[in-house]
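Novice: What follows is the residue order along each chain.
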Amino acid sequence: MTELRYTGAEIAAVVAARSVEDNKVVFTGTGLPLMAMALAQRLYAPNLVIVFEGGQVQPILSGKYTPFSPNDIRAGYKAVMLASTTDVLCLMQRGHVDYGFISGAQIDQYGNVNTSFIGDYRKPKVRLPGSGGANDIASLASKVIIITRHEKRRFVEKVDFITSPGNVDEKGREYHGLIFGKPLLIITGLAVMDYHPELKRVRLKALHPGVTLEQVLDNMGFKPIIPDKIEVTKPPTEEELRILREMDPEGRWVEHPK
Amino acid sequence: MTELRYTGAEIAAVVAARSVEDNKVVFTGTGLPLMAMALAQRLYAPNLVIVFEGGQVQPILSGKYTPFSPNDIRAGYKAVMLASTTDVLCLMQRGHVDYGFISGAQIDQYGNVNTSFIGDYRKPKVRLPGSGGANDIASLASKVIIITRHEKRRFVEKVDFITSPGNVDEKGREYHGLIFGKPLLIITGLAVMDYHPELKRVRLKALHPGVTLEQVLDNMGFKPIIPDKIEVTKPPTEEELRILREMDPEGRWVEHPK
Amino acid sequence: MMDLIEARKVAEQRDHSMKDKLMSMDEAVRKYVKNGDTVALSSANYNRLAMAAVREMIRQNIRDLTIAKTLCSFDVELLLAAGLVKKVISSWTSIGVVWGVSRIFRMRVESGEVEFEEWSNLGINLRFKAAAMGVPFLPTFAMLGSDLPKVNKAMTITCPYTGLKLIAVPALFPDVAIIHVQRADKYGNAIIDGPVFADPDIARAAKHVIITAEEIVDTNEIRREADKTCIPFFLVDAVVCAPFGSHPYDCFGYYDIDYEHVDDYVNAVKEGKLEAAQEYLQEYVYGVKDHFEYLQKIPLERVLAKVHRAKAIRYGWE
Amino acid sequence: MMDLIEARKVAEQRDHSMKDKLMSMDEAVRKYVKNGDTVALSSANYNRLAMAAVREMIRQNIRDLTIAKTLCSFDVELLLAAGLVKKVISSWTSIGVVWGVSRIFRMRVESGEVEFEEWSNLGINLRFKAAAMGVPFLPTFAMLGSDLPKVNKAMTITCPYTGLKLIAVPALFPDVAIIHVQRADKYGNAIIDGPVFADPDIARAAKHVIITAEEIVDTNEIRREADKTCIPFFLVDAVVCAPFGSHPYDCFGYYDIDYEHVDDYVNAVKEGKLEAAQEYLQEYVYGVKDHFEYLQKIPLERVLAKVHRAKAIRYGWE
Chain U
1 MTELRYTGAE IAAVVAARSV EDNKVVFTGT GLPLMAMALA QRLYAPNLVI
51 VFEGGQVQPI LSGKYTPFSP NDIRAGYKAV MLASTTDVLC LMQRGHVDYG
101 FISGAQIDQY GNVNTSFIGD YRKPKVRLPG SGGANDIASL ASKVIIITRH
151 EKRRFVEKVD FITSPGNVDE KGREYHGLIF GKPLLIITGL AVMDYHPELK
201 RVRLKALHPG VTLEQVLDNM GFKPIIPDKI EVTKPPTEEE LRILREMDPE
251 GRWVEHPK
Chain C
1 MTELRYTGAE IAAVVAARSV EDNKVVFTGT GLPLMAMALA QRLYAPNLVI
51 VFEGGQVQPI LSGKYTPFSP NDIRAGYKAV MLASTTDVLC LMQRGHVDYG
101 FISGAQIDQY GNVNTSFIGD YRKPKVRLPG SGGANDIASL ASKVIIITRH
151 EKRRFVEKVD FITSPGNVDE KGREYHGLIF GKPLLIITGL AVMDYHPELK
201 RVRLKALHPG VTLEQVLDNM GFKPIIPDKI EVTKPPTEEE LRILREMDPE
251 GRWVEHPK
Chain R
1 MMDLIEARKV AEQRDHSMKD KLMSMDEAVR KYVKNGDTVA LSSANYNRLA
51 MAAVREMIRQ NIRDLTIAKT LCSFDVELLL AAGLVKKVIS SWTSIGVVWG
101 VSRIFRMRVE SGEVEFEEWS NLGINLRFKA AAMGVPFLPT FAMLGSDLPK
151 VNKAMTITCP YTGLKLIAVP ALFPDVAIIH VQRADKYGNA IIDGPVFADP
201 DIARAAKHVI ITAEEIVDTN EIRREADKTC IPFFLVDAVV CAPFGSHPYD
251 CFGYYDIDYE HVDDYVNAVK EGKLEAAQEY LQEYVYGVKD HFEYLQKIPL
301 ERVLAKVHRA KAIRYGWE
Chain H
1 MMDLIEARKV AEQRDHSMKD KLMSMDEAVR KYVKNGDTVA LSSANYNRLA
51 MAAVREMIRQ NIRDLTIAKT LCSFDVELLL AAGLVKKVIS SWTSIGVVWG
101 VSRIFRMRVE SGEVEFEEWS NLGINLRFKA AAMGVPFLPT FAMLGSDLPK
151 VNKAMTITCP YTGLKLIAVP ALFPDVAIIH VQRADKYGNA IIDGPVFADP
201 DIARAAKHVI ITAEEIVDTN EIRREADKTC IPFFLVDAVV CAPFGSHPYD
251 CFGYYDIDYE HVDDYVNAVK EGKLEAAQEY LQEYVYGVKD HFEYLQKIPL
301 ERVLAKVHRA KAIRYGWE
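Here the protein sequences line up with chains U, C, R and H, keeping their order. If you count the first sequence from 1, position 174 lands on 174 in the numbering used here, and the numbers rise without skipping. If you count the second sequence from 1, position 184 lands on 184 in the numbering used here, and the numbers rise without skipping. If you count the third sequence from 1, position 4 lands on 4 in the numbering used here, and the numbers rise without skipping. If you count the fourth sequence from 1, position 167 lands on 167 in the numbering used here, and the numbers rise without skipping.
If we strip away everything but chain U, and leave its shape as in the complex, we get (with noise of 0.2 Å):
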């Protein structure tokens, strides 16, 4: 068998793919986790529900409609429902959105997602764009899912700013009065993290194909828990890297190998 060749934003998308359930409802934003969701439709989970912020719901993801924005005009190519912005918002508060997805231009140890500013308030050192939707997906969907490249800079001990609370702190996010909901993985092209439950911090999970242990580590700021046992992910089928390449020929969303 010869080995496949494939990126770490592939690698992350088909673990996307792979760790939702079938008949749920899935609330994301647009590029890789969008990739990952219609590849979890062909291939695991056939009956799953897309849901995007601009109010669109269930639209048919085609190649040649692919959205730019979830508010754009194509997000909503034959969708069954166009709906406002805080009908689906509410519609996650109220618990009909199974899965979120958000990335995150800072991760700290307690899944905490920044992606507001760094440095002061009134006089940033970087303004970023700011919570859009994510601070809603991060505090009202049932499970949320992080996806990011692993650097050494995204992945600090504390965020200078919980733009989207994982579990906020080591009391958790029922004692800040986030009663639903919670985070379910941090997925990168190098490994797969959850967290400890009573710990409430990151804790490694798997390892990609050929990853080793200290080139994770190495790669982030802070030293996530380590399990007894690592698992390794199962690599990407050739199935698996075809669907993604034919739904993304120039490899815009997901990168494809150079």
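Since the hints were derived computationally from the structure, they do not count as laboratory data. Take the hints with a grain of salt, since some may be wrong.
Unchecked claim - Just the calculated beta-carbon pair ranges, DEER-fashion: (1) R:Lys311 <-> H:Trp317: 51 to 61 Å; (2) H:Lys270 <-> C:Glu174: 54 to 64 Å; (3) R:Lys311 <-> H:Glu318: 47 to 57 Å; (4) H:Glu301 <-> R:Lys311: 26 to 36 Å.
To be verified - Residues on chain R that point at chain H, a partial pick, calculated with CB under 10 Å: (5) Ser111; (6) Leu164; (7) Arg314.
To be verified - Within a straight-line C-alpha distance of at most 25 Å, the following computed DSS-like cross-link-like pairs (lysine-lysine) qualify: (8) R:Lys273 <-> C:Lys123; (9) H:Lys311 <-> H:Lys297; (10) R:Lys86 <-> R:Lys273; (11) C:Lys125 <-> R:Lys270; (12) H:Lys150 <-> U:Lys171; (13) R:Lys165 <-> H:Lys165; (14) H:Lys87 <-> U:Lys123; (15) U:Lys125 <-> H:Lys86; (16) H:Lys86 <-> U:Lys123; (17) C:Lys125 <-> R:Lys86; (18) U:Lys143 <-> R:Lys19; (19) R:Lys150 <-> C:Lys182; (20) R:Lys165 <-> C:Lys171; (21) R:Lys150 <-> C:Lys158; (22) R:Lys87 <-> C:Lys123; (23) C:Lys123 <-> R:Lys153; (24) C:Lys64 <-> R:Lys311.
Source: prediction; values computed, not measured. Backbone N, C-alpha and C define an ideal beta-carbon position, used for all residues, glycine too.
Start from chain U and add chains C, R and H according to the hints.
Specialist: Relative to the frame of chain U, chains C, R and H by itself:
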């Protein structure tokens, strides 16, 4: 000039039609107040806007499709908007309803109205239909007009139950948190009443032509404040009566003379 | 009062997939309406009453119901006549404005058999909206200064920004919502033409949803008018085809009220009280097998006139 | 913080009548947008941006603006480039997802010139909804546990029924809302096709409303689709005919995004920073008399392709 014959309902409708300013929004039920507002649109306030609690904005009041209820399909005939009930009630809370009309089984000296029950809540002597939108109108419209029959049993010292607040009590509306809106008039088949600005109590304003003060007081369970000068209502004109009767040839909504 | 957590749990455990949910009225009611349930019904007095479903509930003798509805009408009248209701949560109960207070309603409430928990119209609408939004309460200035909070136990709250006093209405999560619409597909995507009343909210508030529809349409029709879909399939448990399902009441764009039918009922009850109401139930509910047998009893000529009239109103014919 | 009382007063004093409000963009902006105003803009990142109105605001050099918008986009980009903004109240600001963070936005905020008051998407949407409903706040579970309340000063509240902790978002009453829609009549009755975002709410929240529309239609068309009207005339002060008013962004059913136009801008700014943005403004805003002269600069062939594409998306062509 021959004297015109008209009923109490007719003069009440005529007075109501004369009481609203043009270019304003009126929130009304069906029946007499709706006929009065249609009369106003024809003669005094051509740009009056009608909104029903079923969500209908500016329907055309065609005799052919006179609605039975603010919620039936006729009430939306040629409306420019068919919204949700909450939407129009919130537009009222937001300040966009200038006049609201209600009626009542019991009205007391502070202009409070009971349409809920007489006796005990869990085993009432008489169960009435309930608030419907009346409490919302009384609480949220800018100016509230009560139209009712002038009967002793209706005008009581103190209502058994405040379904829809007028001035509530001697402390007035603001004390109870009602920072908007005010009760404007009570129009009956015998007289017009308003409210004493300091005492908050119902005050006689005008007697309809030919009606005596004694007649009014004999038909009330409480004594309204009697001002130094009592006006006399300008009698209905031939035109007013003609239009009213044309709109309602059977006298179904506004009783004709026998 | 931790209904919110319970209702959210039910949502989290749902099969949210777009699967075929078409079934008979008999099956839908049997599966999703239980003795003791809190049932929310569509419409507000007139237009799109869930009458076909209500008649099936009566045939199945589902008891001890709490009915939650903004303005109750002929639907609740028949349930009260059949003796299936223990509580009504509403702002208003009658048969229809023109027919005045219902005698059956008065009898049931005045005897203490049925509790009527009263809210203002905005109050009950916001109770559904709070639940629909997934929050435990919503604030309003309605009902301040009135005696309604004394009986419905609404609490006051102070705005943390302005210090203003408001009424907080508690979220109401019905066990099941039954909503009559003009069009739905087999998955439960529902389109309402004309006023929606509180129906999009009651669908979101309830733990389970039955859609009854004048017409079952292809999903491609839904996709072409997706901005008119007001109930998405993933909230819906059952879809039932029920043409003239609001009869004898009206349905926007489809038929006007069968005034004579309701008038006959009201006049009979004026004379014969509960007995007359039960005779009506015998003839139109217990005595027929299902909604389609019921429809056979309605004079076709009268129906056609009502259909024409509804179209004239819908399309603004002079 | 007694904005609610002030906003209600403005509503009470309105001429609510159905009168002709058609006017030029120049007149509408001159009459209803003032220096120092809080301006709410329609859309959320993509689709139905009030671009034509924004370009007119820049031409009229209206300064010290606070912009309130759920997700800011090319509209706010140009206002920031023109130096007219002192504060942005929003959940997100960029040009569009594909183009990443805006350099102009970063420059303005990082220098401290512009304050960015950040809310979650639901948070800012509910601020508009609270104002639309005429209440001073609305509760939500969003933003709990995050640092957003530290900077946006959102307060917490306890539910009087459940004891649950929630964030109370304060009502936001803009001085003026500018909303681009597909169809409106001359009175201001507006129909939005496709997603509405928060636009019905911002119309209700604002003290004044400018509607810009792809097409001005006869009121009879509105009456025939009255259940699609989402902004009633009595909220509206000005109606402006602005075909391709969202250009270079998209408009549901009318045209897809003019990707090349935006891409050229972004690439120029990547190189030339603020100076490049100002060159763009010179060419497309200051250098043209009005929206119709602006449209002359857009290659017609490209426009027609975008129109075709929008129809394909709208009607689900394969």
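Novice: Could you work out which of the previously given hints the structure breaks and list their numbers from low to high?
Specialist: 1, 3, 4, 5
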